[in-house]
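Please model the complete structure; the sequences and the hints are all you need to start from.
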Amino acid sequence: METLDLRNLACPEPVLRTRNAIAAHPGSVFEALVNHAATLANVTRMARALGAQVVSEELDSGEYRLTISTPPAPVEEAPLARAEPCEVGLPKGRATVFIKNNVLGLGDDRLGRILMKAFLKTLQSADPLPAEIICVNNGVHLTTAGSEELATLGELAEKGVEVVSCGTCLDFFGKLDKVRVGGVVDMLDIVTRLNRAAKIITP
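Positions 1297 to 1499 (the working numbering) are the ones given, in order, by the sequence shown.
Just so you know, the hints here were simulated from the structure itself, not pulled from any lab data.
A virtual CB, placed ideally from N, CA and C, is assigned to each residue, including glycine.
Hints are supplied without guarantee of correctness; some may be wrong.
[To be verified] No farther apart than 30 Å at their CA atoms in a straight line, the calculated lysine-lysine pairs in the DSSO-like style are these:
no., residue 1, residue 2
1, K1471, K1495
2, K1417, K1471
3, K1413, K1471
4, K1474, K1417
[As the list claims (entries may be wrong)] Pair by pair, the computed Cβ-Cβ distance ranges are:
no., residue 1, residue 2, range
5, N1316, E1359, 17 to 23 Å
6, P1368, G1403, 21 to 27 Å
7, P1367, K1495, 31 to 37 Å
8, R1344, R1492, 18 to 24 Å
9, G1456, A1320, 36 to 42 Å
Pasting the structure below:
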């Protein structure tokens, strides 16, 4: 059985290599080794989106082994967005909000937190509402345990606004298991979302 070594590869390389392996070996089984929980989640989500079955186990070394059974039909070679959940088109004219920090603006952080709270609250009354909110870098602190903005982001999600956080960022801050609102995505997914956005708002 072929083993794909995805350890110590920067995002989105593990996802790209796994996608290529699935496309190249229809109707077969191969293994993949990863050593980060974020990589495990990203590769598993992408493989299942392409119709593959994935079984994972944690090894004594703290690494993860994935057994991936590919679908019988060849996978069409295409940009990853065709296979990822983010392929669903945005309603025309709705914006993507790209949040890079948990405070708004440069200067005093206390003021920045007040402004970010006001921004998210005001966003609830936007017409139309944004299609999605993408949080990267310090912005992922907004979607994780301890954030004062969880209720507001939760209400936006209930209204149909998709909220996602960068998996690499969450892993860096040790918060991969502390996400309380929305999903976790990799950099390829983020770039795809930004590339097909009707417009991008960066507070």
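| said: Quick check on a hinted range of 36 to 42 Å for G1456 and A1320, using CB atoms only. | reply: holds, 38 Å
| field | Range agreement (Cβ of G1403 with Cβ of P1368, hint 21 to 27 Å) | value | violated, 58 Å
| Agreement of K1474 and K1417 with the hint, judged by alpha carbon distance not exceeding 30 Å | holds, 22 Å
| message | Quick check: does the Cβ-Cβ distance between N1316 and E1359 fall within 17 to 23 Å? | response | Since N1316 and E1359 have Cβ atoms about 21 Å apart, the given range 17 to 23 Å holds.
| said: Hinted pair, alpha-carbon criterion (30 Å max): K1417, K1471. Please report holds or violated. | reply: The given pair, whose Cα atoms are some 24 Å apart, holds under the 30 Å limit.
| Hinted pair K1471 and K1495, Cα distance within 30 Å | Holds. K1471 to K1495 sits at ~29 Å (cutoff 30 Å).
| field | Beta-carbon spacing of R1344 to R1492 - inside the hinted bounds 18 to 24 Å or not | value | holds, 22 Å
| request: Given the hint that K1413 pairs with K1471, test it: the Cα-Cα distance must not exceed 30 Å. | output: holds, 21 Å
| field | 31 to 37 Å as the expected CB spacing between K1495 and P1367, which holds or is violated | value | holds, 36 Å
Comparing the model with each earlier hint shows a violation of hint 6 alone; every other hint is respected.
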